[in-house]
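Enquirer: With the hints as constraints, model all of the structure from the sequences given.
As you go down the protein sequences, you meet chains B and F in turn. Numbers 962 to 1357, taken from the numbering used here, label the letters of the first sequence in order. Numbers 3 to 354, taken from the numbering used here, label the letters of the second sequence in order.
Derived from the structure by calculation, the hints contain no laboratory data. One should not assume that every hint holds.
To be clear about the criterion: a stretch of chain F counts as covered by chain B if any three or more of its residues have a C-beta under 8 Å from a C-beta of chain B, and this derived list gives those stretches [as the list claims (entries may be wrong)]:
(1) 28-36
(2) 234-245
(3) 293-306
(4) 338-349
Note that the structure is a prediction, hence the values are computed from the model and not measured. Just so it is clear, CB atoms sit at the ideal spot from N, CA and C, and this is done for glycine as well.
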Amino acid sequence: MDLELSEQYESLRMEVRDFLQVNRAQALAARDLYGEGRDRAVAWQTILVEKGFVARTLPKHFGGFGAEPDLLETMVIQQEFARAKLPLGLSNQGIDMFVPTLLVFGTEEQQERYIGPTIRGEMIWCQGYSEPGSGSDLASLRTRAVRQGDRYVINGQKIWTSTAKQADMMFALVRTDTAHKHAGISYIVLSMDTPGIDVRPLMTMNGEASFNEVFFTDVEVPCENVVGEEGQGWNVGTTTLKFERGMLGRPELSERLYLGCVDILERVGLKNNGAFRDRLMRLQARLLAHKLHGMRLVTDRLENRDSGVSSLIVKLNGCQLNYDLCALAIDAMGERGVLRFGSKHVEDGGSWQTTHMYSLGLIIGGGTAQIQKNIISEAGLGMPREPKPAKAPRSA
Amino acid sequence: MEFGPSKAQRLLRDATVDLLKQSASVERVREIMETETAVDDELKAALADQGALGLLVSERYGGSGLGLFETVLVAQELGRNAAPFDLTTASVIAPLLIEAAGDHAQREQWLNKVASGEEIVAVVRGVKEGGGRFIGVSSYAAGVNQATSLLVEVGGRCWLLPVATQGVTVEQLNTIDETRRWSEVTFDGVAVSDCERLTNRVSSQELSRVAQAGQIATAADSLGACYRGIEVAVEYAKGREQFGRIIGSFQAVKHLCAEMIADVDPLQSLVWYAAYAWDERQDDIHHVAPLCKAHSAEIGYDCVTKATQVFGGVGFTWECDMHLYFKRVQVDRQLFGRPEELREQAAMAQSA
Ligand SMILES: Cc1cc2nc3c(=O)[nH]c(=O)nc-3n(C[C@H](O)[C@H](O)[C@H](O)COP(=O)(O)OP(=O)(O)OC[C@H]3O[C@@H](n4cnc5c(N)ncnc54)[C@H](O)[C@@H]3O)c2cc1C
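Expert: So, in structure tokens, the structure goes:
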């Protein structure tokens, strides 16, 4: 065990720390990528990329900073942003899920076209996976892409598509072959401006229209937009899911929520209440274990060791932890805890309720907790798969 | 940076795994459990040979001068095997107290023997000193069954005496965990002057540092027992059939197993970190140690409760090994403070 970092990392640490101190106001103002603040958010993100705090190891010709991959540098940068209680630039489906997937499976041309604008926040992506009939059983998806010459013609429907209204682009799983379940799926990218796409907002339980239904009617997409080979989409798509689960289980949000809980307990005068403090300390133990677990995974990667089951538990743990943290803050506020934004007396603009419900959404999204447990037990512990159900007997 | 055991530390752990495969197979553990005092001299000798008893003893006193991190790697393997040896008492608490309280000559004399296994020391608290005599009862003394000597600690003052001293009566208690016994030790007029008084008074800060080491080692013991519990439960679930199916294909069973590993695996990182923070005297150790112990108690309890259920009726039998790990965790839970107290301690340390 050795948690010492050499001089080089400590000087990077000081560089980040100083930078954040000087630029704190701009960082705080850079919110709301999806609304009026878009320009400010993009400007701040662009600075972070130029400084090499974001997209640090992406090659320069893709718009990145071009540093040699060094997980410890990344870790130090993350730690300093967390210490300053600032988010490390933008986090969304394009930056955290699509870009790393494209680095594995994309052609040079696709990488050059999409990565730069995506990491700067200029190009917003949405994820077209789920369909009305295909959620957990994603591979049963039916949105059809039929090849006609040098293009595909897409018909079908996606659902629960987050930020589809704001997105410029979508990465989607579509069916290019109906004879094979998994091998009939392809991964394709398309512009949300393409004729034949109809986005209809769905109201979430938070009362916001943050996800949507997306209908496709004869949508034409060039064949070169397939990522990986035709029929390889399951492999590409599940790689994206792996990145998604890593993103959803990140401890940074949990840490911010924890600090928020401490603050709430103080504000409502329950800091010294034994029962509440006990609950807080239980959560702190989980948070600490979750964070340290992340460092253990970094070490595994540094040493090219397969983390096995250890890497599969992160989404399940992180999302449940966020939910439980919000619940503590809400309980501590009592009646005030259930006031929603806009109400008289509401604390923190009602964000605890919003985040609480959103955290529940993310226990479901990205693969439900139950599906995570299937994966952990099957892929992680080697337990047998659910047997295929026998065909229902035909009535005579 | 390397989060987790280094190569050398992994070698030490692997050697312990091999040693325990030989010396603490479950058959052997059960055999020892059946004996009067559950002491396994062969196991003790094997651990001593490997240097496992002197990991926290500095080299000048015959130990290996390593740290709590290494000790915890061994403790975890002992817990995994439900091995009949109380390492926390013999190789953590006792040497740390002797180190803190002894002068050079006393350390020289005692720590060498502690590291070699020639002396196994148990710690006795709750006894009073008055009128030149020790008097009183130490009710839940751990590791006395395996000990040759007792270390009596009264308000930071420490004395050593052989277990077989006139006026000392040891009565074994029966906890549910038959692999590590507790005793009630009664002092009836033992002359203080007949005991070896260690020169220095141990400060309350040092005493809590010793307790923190005990908390972390105990958490590691539970962690090991939990990993083993998960292992045997998963193994069983892959073999047993009901309704014409392997029960491990039922989601109700699979999800229990997934929950266990999802809870237990991050505890590994917390235990490693706590041991490291103790060795390096990091500022956060005062809250991390009790928090780690409390977390291991909660996670451990849940884990063995679920793991036992995976076995169905077999899980309730003496024959099934699961109860060994269940009991190990149950007893660990009560050591060095109950979870609620420990979280309180952690909160206080953090706000201080
Ligand atoms: C906040 C949020 C954002 C989302 N964003 C997107 C997005 O941007 N793009 C996108 O494509 N999708 C998105 N989704 C959709 C999400 O991926 C699906 O909701 C999720 O995969 C579950 O699918 P489903 O809704 O069809 O539920 P179902 O699959 O019908 O599941 C219903 C219940 O059955 C259980 N279940 C199903 N199958 C099994 C099984 N094999 N074993 C055990 N239990 C099972 C589930 O756990 C769940 O409890 C989002 C969802 C949420 C909540």
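Enquirer: Does each hint fit the structure? Answer for all of them.
Expert: Hints, verified against the model:
no. : hint    : in the structure
1   : 28-36   : violated (count 0)
2   : 234-245 : holds (count 3)
3   : 293-306 : holds (count 5)
4   : 338-349 : holds (count 5)
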